[in-house]
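Asks: Below, each chain spelled out in residue letters.
Number of protein chains: 2
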Amino acid sequence: MFNRMVEQHSLDAVFHALADGTRRAMLERLSQGPHSVGDLAAPFDMSLAAASKHIQVLERAGLVRREIEGRSHKCSLEAAPMHAGAEWLRHYERFWNQRLDALERLLRQDSKKRKRK
Amino acid sequence: MFNRMVEQHSLDAVFHALADGTRRAMLERLSQGPHSVGDLAAPFDMSLAAASKHIQVLERAGLVRREIEGRSHKCSLEAAPMHAGAEWLRHYERFWNQRLDALERLLRQDSKKRKRK
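So the protein lines, in turn, are chains F and L.
Numbering-wise (our numbering), the first sequence opens with residue 1304 and increments by one.
Numbering-wise (our numbering), the second sequence opens with residue 1304 and increments by one.
Think of the hints as simulated: they come from the structure by calculation, not from any bench.
Keep in mind the model is a prediction, meaning the values are calculated, not measured.
The reader is advised that the hints may include incorrect statements.
If chains are identical, the list can't say which one is meant, so a pair holds when it fits in one copy or spans any two.
What the hints assert, rightly or not - Calculated lysine to any residue pairs in the SDA-like style (CA-CA distance at most 25 Å, straight line):
id, residue 1, residue 2
1, Lys1377, Phe1398
2, Lys1377, Val1340
3, Lys1356, Gly1324
4, Lys1356, Asp1315
5, Lys1418, Ser1334
6, Lys1416, Trp1391
7, Lys1377, Leu1406
8, Lys1418, Glu1407
9, Lys1377, Ala1405
10, Lys1418, Glu1362
11, Lys1377, Asp1404
12, Lys1418, Arg1369
13, Lys1377, His1394
14, Lys1356, Ala1316
15, Lys1356, His1319
16, Lys1356, Lys1377
17, Lys1377, Gln1401
18, Lys1377, Ala1354
19, Lys1416, Ala1328
20, Lys1416, Arg1363
21, Lys1416, Ala1405
22, Lys1356, Asp1323
23, Lys1418, Asp1315
24, Lys1415, Glu1372
25, Lys1415, His1338
So that you can see chain F by itself, here it is in the shape it has in the complex:
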């Protein structure tokens, strides 16, 4: 069930949805609880229509669920599709760790040399 949920919303759509600061800020807001489209648009200097387009990109990636409550649309966070993105990135962890280890060695050698002087 979980796997199917993730496959439906491909990595392309997830990473595309995350490639925009406004959409990332909307997700951060939704991590505090459900919000209406108006609430989500409010912190940004943008029309409801523009905010709605961003929310559509998030919905297409499966990251946001929109429900109609009376006259307002309530949006909730759906974090599950992010899991596939995080898993993809995890494979590269050893590469940036190698890089960090190399930087640390360089800094240590540098501080040893300075102490000797």
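Chain L: place on chain F using the hints.
Replies: Coordinates of chain L only, in the frame set by chain F:
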């Protein structure tokens, strides 16, 4: 030094670069070692020019370093900017874990009910 490296290549550029299956496949190839532009293009049914455009997107995100060796361009993986993306996603881990826990509970209840029947 590491922080500056990451800040220069914003999350927008990193997630945008990752939002394409061809570019993700190129990064997977580069994780095995440096490759020429021709090598990177070969598995895909695309021109060198098209492959070069994808590599440019990866370079702009700081994920690939291109060096000229004689007449060929050698590309190497630079995984460090992915770290910021992984860190961003890490904040949402608890949300997809909550969801997974809830699914697990549902499945357990379901199997208990079946056993009783």
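Asks: Please sort Lys1356 with Asp1315 into within, between, both or neither, judging by C-alpha distance up to 25 Å.
Replies: For Lys1356 and Asp1315, both the intra-copy (18 Å) and inter-copy (18 Å) Cα distances are at most 25 Å.
Asks: Can you tell me if Lys1418 and Glu1407 fall within 25 Å by alpha carbon in one copy, between copies, both or neither?
Replies: Within one copy, since 17 Å is at most 25 Å while 56 Å is not.
Asks: 25 Å Cα cut-off: does Lys1418 pair with Asp1315 within a copy, between copies, both or neither?
Replies: neither (50 Å within a copy, 41 Å between copies)
Asks: Could you place Lys1356 and Asp1323 in one of the four classes (within, between, both, neither) given a Cα distance threshold of 25 Å?
Replies: both (12 Å within a copy, 21 Å between copies)
Asks: Classify it for me, Lys1415 with His1338: is the Cα-Cα distance of at most 25 Å met within a copy, between copies, both or neither?
Replies: neither (54 Å within a copy, 36 Å between copies)
Asks: As a check of your reading, is Lys1356 near Gly1324 (CA-CA no more than 25 Å) within one copy, between copies, both or neither?
Replies: Both. Shortest intra-copy (14 Å) and inter-copy (24 Å) distances satisfy the 25 Å Cα cut-off.
Asks: Classify it for me, Lys1356 with Ala1316: is the Cα-Cα distance of at most 25 Å met within a copy, between copies, both or neither?
Replies: both (14 Å within a copy, 20 Å between copies)
Asks: Regarding Lys1377 and Ala1405, is the shortest C-alpha distance of 25 Å or less found within a copy, between copies, in both, or in neither?
Replies: between (48 Å within a copy, 22 Å between copies)
Asks: Using 25 Å as the alpha carbon limit, work out where Lys1416 and Ala1405 are close: within a copy, between copies, both or neither.
Replies: Answer is within; shortest intra-copy Cα gap is 17 Å, inter-copy 55 Å.
Asks: Go through the copies and call it for Lys1416 and Trp1391: within, between, both or neither, with a Cα cutoff of 25 Å.
Replies: Cα proximity of Lys1416 and Trp1391: none, with 40 Å in one copy and 36 Å across.
Asks: Is it within, between, both or neither when you check Lys1416 against Ala1328 at 25 Å Cα-Cα?
Replies: neither (45 Å within a copy, 42 Å between copies)
Asks: Have a look at Lys1356 and Lys1377 and pick one of within, between, both or neither, based on CA distance no larger than 25 Å.
Replies: Answer is within; shortest intra-copy Cα gap is 15 Å, inter-copy 40 Å.
Consistency with the previously given hints fails for numbers 5, 6, 10, 12, 19, 20, 23, 24, 25, ordered from lowest to highest.
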